[in-house]
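Residue numbers (the working numbering), protein chains in the order written: chain A, 1 to 579; chain B, 1001 to 1297.
Among the hints, erroneous ones may be present.
Said to hold, decoys possible - Calculated pairs, SDA-like style, for lysine to any residue (alpha carbon to alpha carbon, straight line, at most 20 Å):
1) B:Lys1052 - A:Glu89
2) A:Lys327 - B:Gly1013
3) B:Lys1010 - A:Thr16
4) B:Lys1015 - A:Lys19
5) A:Lys19 - B:Tyr1088
6) A:Lys23 - B:Phe1085
7) A:Lys105 - B:Pro1102
8) A:Lys23 - B:Lys1122
9) B:Lys1010 - A:Lys19
10) A:Lys246 - B:Lys1010
11) A:Lys246 - B:Lys1052
12) B:Lys1091 - A:Thr16
13) B:Lys1010 - A:Gly260
14) B:Lys1010 - A:Val250
15) B:Lys1123 - A:Gly260
16) B:Lys1052 - A:Lys19
17) A:Lys105 - B:Tyr1088
18) B:Lys1052 - A:Arg252
19) A:Lys23 - B:Tyr1083
20) A:Lys105 - B:Lys1052
21) A:Lys491 - A:Ser479
22) A:Lys246 - B:Met1068
23) B:Lys1091 - A:Met96
24) B:Lys1010 - A:Phe259
25) A:Lys246 - B:Lys1122
26) B:Lys1015 - A:Glu251
27) A:Lys105 - B:Met1068
28) B:Lys1052 - A:Phe259
29) B:Lys1202 - A:Glu251
Just so you know, the hints here were simulated from the structure itself, not pulled from any lab data. The structure presented is a predicted model; accordingly, all values stated were derived computationally and were not measured.
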Amino acid sequence: MKSMASSNKRGSISGTVIKEDLKRFWPVPVISLIVMLASGSLLLMILHYSHSEVEYFIRKCADCENIGFIAALIILGCGLGLTLFRYIEYDRSALMVHALPFSRKTLFISNYLTGLIMMAVPLFICGLTLLPWGLSFAAMLKWFCISMLSCVTMFSITVLAAMLSGNTPMHIFNTGLLNMLGLLVLATLELHCARFLYGFNGDTMERLINNSMPIMALFGSAEAKVVVFYLILTAVVTAAAYLAYKLRPVERTGDSLVFGWTRRFLLVIVTFGGMSLFGFFLNSVMGSSKDIGMTGTVALGMVIGFTVTFAVMSIIIYRTAKIFNRKNMITCAVTAVLCVAFVCAMAFDITGFASKVPELQDIKTASASIYEPQGTTDQRFEPALFRGVGVGTEVSYDGIASSDVSSTVFTEPANIESVYHIQKIIAMRKDIDMNTDFTATPFYYDFADSFTMTSGKKMVRKYTISKATYKDIEPYLKSLYESKEFKNDYKLTNLKGTITSIDYSYSGSGMHAVPTNEYAGLIRALDKDFAARTFEQEKKDTGNEFEIQIGKDDGLCVVSVKKTDKYTKAWLNSHRSLF
Amino acid sequence: MIEVRNVVKKFDGVKALDGLNITVENGSIYGLVGTNGAGKTTIIKNIMGILKPDSGTIRIGGEPVFEMEEVKGKIGFVSDDLYFFPGYTLKEMGSYYSGVYPRWNNERFTDMTKNFALDMKKKLSSFSKGMQKQAAFILAMSTMPEYLVLDEPIDGLDPIVRLKVWKYIINDVAERRMTVLVSSHNLREMEGYCDHIGIISKGRMVIERDLEDLKSDVHKVQVAFREPQEHAYEDLNVLHYEKRGSVDLIIVRDKKEKVEEVIGRYRPAVFDMLPLSLEEIFIYELGGVSDEIDGII
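Using the sequences and the hints, build the whole thing.
Quick look at the structure:
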């Protein structure tokens, strides 16, 4: 070891490699820059947009909602990863380059560094060309950094794919697979959970899926934790790529995958994905077959998907049609056992997910969708308006999205007990409800609830339930709706932000503005009606007579005035002279 | 010195090199010969640090070679399977090598290019295979290597170019004590230039000797006795035996004196000792090792 260290004194970065890479692969960044300019600054020069249109266009560019920019980032990230390390995929080039006086460390670092330079330069130039169109320097820098991180993440993943692949077609395939691995795994898991786990709430999974691709995640939110996640991911992937290069058996060049374990891993993971997708696809096409039922169509699809995917992937990976050998059959059997074990674990709910009801004494807070959302025009139940965040912003309490529940967090014991009883009833009836597609029946009810335990743990569920189950939980829904806690939560006096206007309208008439000095009186009347309204009135009294639109600096709150709302109607009658 | 000690390299569980040992002394030209698939290219790739042996050690000038930039910087290499960057000219490749090899000699590069009459500004991809081999040789020699490793270097070259190639090699061996390891199937040419020979088969070294020693130790003997002698060759290391009428044709690996003494005991009617060419030695030495050769003999 001493002699090794003493004789390997040259630096880890080779200027010659970088210079040569720049000389050979300059078209990749240049093409990306042309694409960005053609869909950015140059396009603006040609189109003669108005000031507001330019502002909108630039915002779209900065948010990476410009298709040209997205394409350029993919070309830079994946294209450079595919070209810079291409030499390791051909026998002759691998032989020549590895015979040169470079260690793999020097080759890796120098080529990787060239990739960073080739990404940074066109992105920075493109950013500079956006400045004359009104993009601030700070916004440009932010765009540059996020774009750079997106590109580097894709680049690192593509480099890792290069280190694992033995030839170019497999490198391209693995680049696509690894770049979308998070998305594909999460989407496949969501399909399984949604199908097999009664009560599964996919909101968290949806958020993860939306953040599973660097461009989508980083430009979508640019939250610090997302940025940190992608920085760590990039570092880990780069380290893995470096390690793979150090261990890469050059004699495997030309094979599909150079490491034996990756062949089996790829077979298992792609077969699992193919099996799942085919199973759920057949289910969506055939629906619930009369002969074999919903579970039967899924199972049939999975068997076909497994067989086809395993056979095709075996042919691709081993580059031969002779796949029926002992070794591959063992892999097939192991894959089949793993797949069956997973599907059975989900189908038979071995964790007891669907039957779970928390202990009453362990519950700290509870939340439930106590008001049927379908068919209502009342925007009173828009939680964002009561929380001081913009309308449309997802307000989530105890893990349930605002679109699913009223977002009231119940802390009173009586209300917690009501949610607990609802959960207990639904869990008891799961065997009847979970295998029926209620969306095809005249009545179905979407219900969601959540619990936060004293230990801090959360339990979140989302159901589509039958009419019979609904009838059983209705008394508890009524109790929750009429509770002081719920009514207080949606009192209009609790609206956040400043009210800028109140308009009143009724069928066949236009909008009538309410004078500012009358706002308080009208809101008091509306709140009194809401406080007095029963669950039955809320449900049945859907023939809204009037509509009150409360304009706020952060959105519009539309409140329906029902036939039974006597206080509001009395207020309107007494102020008829105003309209 | 190039030292290969007990190197094992497996491909898919099959041993391509099976405990191979090679010693190439400084300033010598070592010819590595063997049948197709014997492991010549595999050991060269291991010596060049392209492949990593599964076990065993490879040292060049006392230093391990795998992943060692400085050691690799002292080795010039001409592969059987040539590769140049796409679209590059010889001048551009030379420029690249000059940044890579610390002892690159541009004057030699220019001189050799002129001597071999190659167009420096023409794309290497447009060169014939033989011209590409010359270009690779020029590049390797211009790095002023302490060690030169050549894998089938003269295949596809015309006799005049071959002479030029050998002239450059021999000059550098004489002037700079360059150490050369060359693998080839052209045994006649190896016989003319190499001072050491290693014959490998199935990944193992069959025989590794000074060429003169080797040639003086293996003899083709024609013998005829007046009376049949059943045990006449018992004390000799017979590589091959053949009876042609009353004359025995034997290939013996033993000192000349010993052969004369052993056969002389039986007072033969005919006794001729003929020198063997390297090609014959190769064939007869491998006759006992390689099944392919058995068929030929």
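Here is what the structure says about each hint:
A distance of roughly 18 Å separates the Cα atoms of Lys1052 of chain B and Glu89 of chain A; the hinted pair therefore holds under the 20 Å criterion. About 14 Å separates the Cα atoms of Lys327 of chain A and Gly1013 of chain B, which keeps this hinted pair within 20 Å; it holds. Between Lys1010 of chain B and Thr16 of chain A the alpha-carbon distance is near 34 Å, which puts this suggested pair outside the 20 Å criterion. Among the hinted pairs, Lys1015 of chain B with Lys19 of chain A is inconsistent with the structure: their alpha-carbon atoms are about 40 Å apart, more than 20 Å.
Between Lys19 of chain A and Tyr1088 of chain B, the direct Cα distance comes to roughly 14 Å. Compliance with the 20 Å bound is thereby established for this hinted pair. At roughly 11 Å between alpha-carbon atoms, Lys23 of chain A and Phe1085 of chain B fall within 20 Å of each other, so this suggested pair holds. Annotation: proposed proximity of Lys105 of chain A to Pro1102 of chain B holds, straight-line Cα distance about 19 Å (limit 20 Å). A hinted pair counts as satisfied when its Cα atoms are at most 20 Å apart, and Lys23 of chain A with Lys1122 of chain B qualifies at roughly 18 Å.
Distance restraint check for Lys1010 of chain B and Lys19 of chain A: the Cα-Cα separation of roughly 37 Å exceeds the 20 Å cut-off, and the hinted pair is therefore not satisfied. This hinted pair checks out: Lys246 of chain A and Lys1010 of chain B have alpha carbons roughly 18 Å apart, not beyond 20 Å. With a C-alpha separation of about 11 Å, the suggested pairing of Lys246 of chain A with Lys1052 of chain B holds against the 20 Å cut-off. Our distance criterion of 20 Å between C-alpha atoms is met by Lys1091 of chain B and Thr16 of chain A, whose separation comes to about 15 Å.
For the suggested pair Lys1010 of chain B and Gly260 of chain A, the alpha carbons sit about 14 Å apart, so the restraint of at most 20 Å is met. Of the pairs offered as hints, the one joining Lys1010 of chain B and Val250 of chain A holds, with about 13 Å between alpha carbons and a cut-off of 20 Å not exceeded. For the proposed pair Lys1123 of chain B and Gly260 of chain A, the alpha carbon gap of about 39 Å is over 20 Å, so the pair is violated. Annotation: proposed proximity of Lys1052 of chain B to Lys19 of chain A is violated, straight-line Cα distance about 28 Å (limit 20 Å).
Pair hint Lys105 of chain A plus Tyr1088 of chain B does not hold up; C-alpha atoms about 25 Å apart against a cutoff of 20 Å. At roughly 12 Å between alpha-carbon atoms, Lys1052 of chain B and Arg252 of chain A fall within 20 Å of each other, so this suggested pair holds. A threshold of 20 Å between alpha carbons decides the hint, and for Lys23 of chain A with Tyr1083 of chain B the separation of about 18 Å falls inside it, so the pair holds. Of the supplied pair hints, the one linking Lys105 of chain A and Lys1052 of chain B holds, its CA atoms being roughly 15 Å apart against a limit of 20 Å.
For the hint linking Lys491 of chain A to Ser479 of chain A, the alpha-carbon distance of about 18 Å falls within 20 Å, and the restraint holds. Pair hint Lys246 of chain A plus Met1068 of chain B holds up; C-alpha atoms about 13 Å apart against a cutoff of 20 Å. A hinted pair counts as satisfied when its Cα atoms are at most 20 Å apart, and Lys1091 of chain B with Met96 of chain A qualifies at roughly 17 Å. For the suggested pair Lys1010 of chain B and Phe259 of chain A, the alpha carbons sit about 15 Å apart, so the restraint of at most 20 Å is met.
For the proposed pair Lys246 of chain A and Lys1122 of chain B, the alpha carbon gap of about 36 Å is over 20 Å, so the pair is violated. Of the supplied pair hints, the one linking Lys1015 of chain B and Glu251 of chain A holds, its CA atoms being roughly 13 Å apart against a limit of 20 Å. A hinted pair counts as satisfied when its Cα atoms are at most 20 Å apart, and Lys105 of chain A with Met1068 of chain B qualifies at roughly 11 Å. Among the hinted pairs, Lys1052 of chain B with Phe259 of chain A is consistent with the structure: their alpha-carbon atoms are about 15 Å apart, no more than 20 Å.
As the CA atoms of Lys1202 of chain B and Glu251 of chain A are separated by approximately 18 Å, the hinted pair is consistent with the 20 Å bound.
In the structure shown, a violation is registered for the earlier hints numbered 3, 4, 9, 15, 16, 17, 25, in ascending order.
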